[in-house]
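Undergrad: The primary structure of each chain is shown beneath.
There are 2 protein chains.
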Amino acid sequence: MEFEVLQNTRESCRAYSSRPVPREQLDRLVEVAHLSPSGCNAQPWHFIIVDEPEAKAKLVDALDDEGLTGCPWGDAVPAFIVICEEYANVMPGVKERYGTQRFAQMDIGMAAMGLCYAATEMGLGTCMIGTFSDRKMHEALGIPKERPVRLVITVGFPAQEAAPRKKVRKPLDEVRTYNHW
Amino acid sequence: MEFEVLQNTRESCRAYSSRPVPREQLDRLVEVAHLSPSGCNAQPWHFIIVDEPEAKAKLVDALDDEGLTGCPWGDAVPAFIVICEEYANVMPGVKERYGTQRFAQMDIGMAAMGLCYAATEMGLGTCMIGTFSDRKMHEALGIPKERPVRLVITVGFPAQEAAPRKKVRKPLDEVRTYNHW
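If you read the protein sequences in the order shown, they are chains H and U.
Sequential numbering from 1 applies to the first sequence in this note's numbering.
Sequential numbering from 1 applies to the second sequence in this note's numbering.
Here chain H stands alone, though its shape is the one from the complex:
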């Protein structure tokens, strides 16, 4: 698929078919995401594939942050891929001047994006979720306290095939200038 078509085709999917996603395909998504670039090639990410009923139920509960957020359609999601921020082993000079985690969130955004593009091309729907109860998510999946959970990505075959929705974005002239802010 041409990249621009892929960019326009990928969209948040919140209604999934009950068809399970084979573990092999979930592994593939992580493999492709793991080829993403990162600052100093530190690869500051840890992927948790969640596809067993008990773990999924705990994860869906953790998406509810004391009533503020939540995922009412979470029970029907075939699988999740959780991305945590790992310690980034950057180059010594960079570490001292900018800190180890300076690029980690951007790096995770890049890897998550690649994962979603790979999923789109495989006919899978995804939705990136960034709001949840930190405490419950750490408990649900046994994640060390010092490793932030950055994104929960839902993965499954879309319930319905439909043309992609039109993307709503700011006018380009609002976000782009030339040679000066």
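Honestly, I wouldn't trust all of these hints.
You can't tell identical chains apart in this list, so a pair holds if it fits in one copy or across any two.
[Unchecked claim] Each computed DSSO-like pair below joins lysine-lysine, with the alpha-carbon atoms no more than 30 Å apart: (1) Lys58 x Lys136; (2) Lys145 x Lys95; (3) Lys167 x Lys95; (4) Lys167 x Lys58; (5) Lys56 x Lys136.
No lab work stands behind these hints: they were computed from the structure.
For chain H, the structure is supplied; the task is to place chain U on it using the hints.
TA: Below, chain U without anything else, positioned relative to chain H:
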């Protein structure tokens, strides 16, 4: 191009041909990147296309952070695209619980990644640079103090055509687990 091929083909390019990159192509890259997803669709990014000699020279100087970093090959780069972090107008509940900029760095990583994929497909080389003198970069391009500069992306036609280098990554089992950290 199949996405996995694109993922394997994109790599940091640090040697450029003198062939200029038409403004139209630089605009296209920003257009495709601007279609990226973002938390609450806040689109917290500002792209500065830098392709004029004077602005480029000031930018290359700002890549030198008091001798720690720097870009010795910067003078031969046909164009740069600088991505700054904009204020993120997220949903009210999200703003109060998580803050406005909670997703901004991941969002910028996603948009930057899309920009580089689009460039790769157009035969352009890119390199994402995250270390530079903040002070000099803000001065060079008239960027407001309160808007962080997150990435400087070099753009040009590669000096030489060559097969992509093999990507060096941690073993998958180090970065992936199932149903638990």
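Undergrad: For each hint, tell me whether it holds in the structure or not.
TA: Each hint tested on the structure:
1. Lys58 x Lys136: For Lys58 and Lys136, only the intra-copy Cα distance (8 Å) is at most 30 Å; the inter-copy one is 48 Å.
2. Lys145 x Lys95: Both ways: Lys145 and Lys95 sit 22 Å apart in one copy and 23 Å across, limit 30 Å.
3. Lys167 x Lys95: between (38 Å within a copy, 23 Å between copies)
4. Lys167 x Lys58: neither (33 Å within a copy, 36 Å between copies)
5. Lys56 x Lys136: So Lys56 and Lys136 pass the 30 Å test inside one copy only (13 Å; across, 48 Å).
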